[in-house]
Amino acid sequence: MTVATIITVVVGALVAIGVFVLVLLRDVASDIAKQEARVWLPLLSRRIVRRAVEDLPIQQRGILEDMEAQLEERSDRPLTMLLFAMRISRDRRLIAEEARALVLEPSSSASGGKTISLSGPVAGIAGLVRRGLTTTNSHLNLVRTLVNLVVVLLRSYKAMLRRNFERVRLLILIAIPAGIVLVQLVIVHVISVSAIWLWLQRGPNLIIAIYPLVGAILLTRRRQVQRLIRRMLFRRDTE
Amino acid sequence: MTAKRRITEQTERILQALMTNPTAEWSGAEIAPMTGIKSGTLYPALLRMERFGWLTWRWEEIDPSEEKRPRKRLYVLTGKGEEISRAVEHEARVRQRERARRKGFDPSPGGLTA
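Chains A and B supply the protein sequences, listed in that same order. So the first sequence is residues 1 to 239, counted in the working numbering. So the second sequence is residues 1 to 114, counted in the working numbering.
In short, the hints are calculated from the structure, not lab data. Keep in mind the model is a prediction, meaning the values are calculated, not measured. Beta carbons are placed, not taken as given, at the ideal position from N, Cα and C, and that holds for glycine. Treat each hint with caution, since some may be false.
To be verified - Label-pair distances were calculated between CB atoms; the ranges are:
#: 1; chain 1: B; residue 1: 19; chain 2: A; residue 2: 168; range: 49 to 59 Å
#: 2; chain 1: B; residue 1: 93; chain 2: A; residue 2: 90; range: 33 to 43 Å
#: 3; chain 1: A; residue 1: 97; chain 2: B; residue 2: 19; range: 20 to 30 Å
#: 4; chain 1: B; residue 1: 103; chain 2: A; residue 2: 30; range: 33 to 43 Å
#: 5; chain 1: B; residue 1: 34; chain 2: A; residue 2: 214; range: 53 to 63 Å
#: 6; chain 1: B; residue 1: 91; chain 2: A; residue 2: 34; range: 44 to 54 Å
#: 7; chain 1: B; residue 1: 34; chain 2: A; residue 2: 155; range: 16 to 26 Å
#: 8; chain 1: A; residue 1: 101; chain 2: B; residue 2: 98; range: 26 to 36 Å
#: 9; chain 1: B; residue 1: 98; chain 2: A; residue 2: 51; range: 20 to 30 Å
#: 10; chain 1: B; residue 1: 103; chain 2: A; residue 2: 39; range: 50 to 60 Å
#: 11; chain 1: B; residue 1: 63; chain 2: A; residue 2: 100; range: 26 to 36 Å
#: 12; chain 1: A; residue 1: 59; chain 2: B; residue 2: 24; range: 42 to 52 Å
#: 13; chain 1: A; residue 1: 94; chain 2: B; residue 2: 91; range: 21 to 31 Å
Assemble the whole structure, with the sequences as input and the hints as a guide.
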């Protein structure tokens, strides 16, 4: 056996072991992450909301109870809880400003003359084009108008994503697992083809023969092997 | 002299949602999905509307220890809020009709024109 063959076999074996261990441990790791998330994310979310409410005038801090009630409604979705808390935290200044104004001017009796202002990408683009046409026609203005145009388009794209959030989320939910499975299949395929190629090049060899064998076992008996690993890690039957 | 009050798109959406049943009491968790407004934006808008006297709220009558969750605020439109909502609805209809007329289509019954 030459040094090159030994290195090829050792590196191949390490890569194969690494990939299969990753495939196997993925579910175990996700289980652990899920358990942790169920405990830590709600705690973190409550903490964030409490911190956000600290900015409010004392008279308005009762709103915390309502915020916590809304957090509890999302308790089965820890990530959504965290998102809710982060949104509150992001707009804490705005909330505090309104709360302060309410304390200073409780339920004003000002009557309701009003102006309606609606914003939208079309209005934004129209305004930009109008300004671009009426201002001095220099390169700087043109660049500024183009940059603003891109910003407006990006904003409308963001609004579109928001409107179609459910569809995008569904797409992500399908695309990510499909992508993972595809990558796994490609990796297993590459390893198997390499093993067959090595077999043909170097003749029958026990170490080389192990690759597709281990691959086949793991692909067909993946659940059982994962259960075995879980038992070893947690010392209890998780089934 | 009437004070000019700016009604944002969010406020308009909240008013429209509350007007689906003006006498009902709504929690923030119910208003948010109806209007598509996120929590961070919803709270300032509700506080502003409360300041203007367009809505009022009361605490939900539950025992938090029994229900194992905190109480919610229940919002309800005031008389003034209803009045404003009607005006906003009217404005929206006028805008819609204006837009339709510009496109050559009259949305009123029997008003289909080329």
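So, going through the hints one by one against the coordinates:
1. B:19 - A:168: 49 to 59 Å: violated, 30 Å
2. B:93 - A:90: 33 to 43 Å: Holds: the Cβ-Cβ distance is about 34 Å, inside 33 to 43 Å.
3. A:97 - B:19: 20 to 30 Å: At roughly 27 Å between Cβ atoms, residue 19 (chain B) and residue 97 (chain A) fall inside 20 to 30 Å, so the hint holds.
4. B:103 - A:30: 33 to 43 Å: violated, 52 Å
5. B:34 - A:214: 53 to 63 Å: Since residue 34 (chain B) and residue 214 (chain A) have Cβ atoms about 55 Å apart, the given range 53 to 63 Å holds.
6. B:91 - A:34: 44 to 54 Å: holds, 49 Å
7. B:34 - A:155: 16 to 26 Å: holds, 23 Å
8. A:101 - B:98: 26 to 36 Å: holds, 34 Å
9. B:98 - A:51: 20 to 30 Å: violated, 46 Å
10. B:103 - A:39: 50 to 60 Å: holds, 56 Å
11. B:63 - A:100: 26 to 36 Å: Holds, at about 32 Å.
12. A:59 - B:24: 42 to 52 Å: Cβ of residue 59 (chain A) to Cβ of residue 24 (chain B): about 27 Å, so the range 42 to 52 Å is violated.
13. A:94 - B:91: 21 to 31 Å: holds, 25 Å
Comparing the model with each earlier hint shows violations of hints 1, 4, 9, 12; every other hint is respected.
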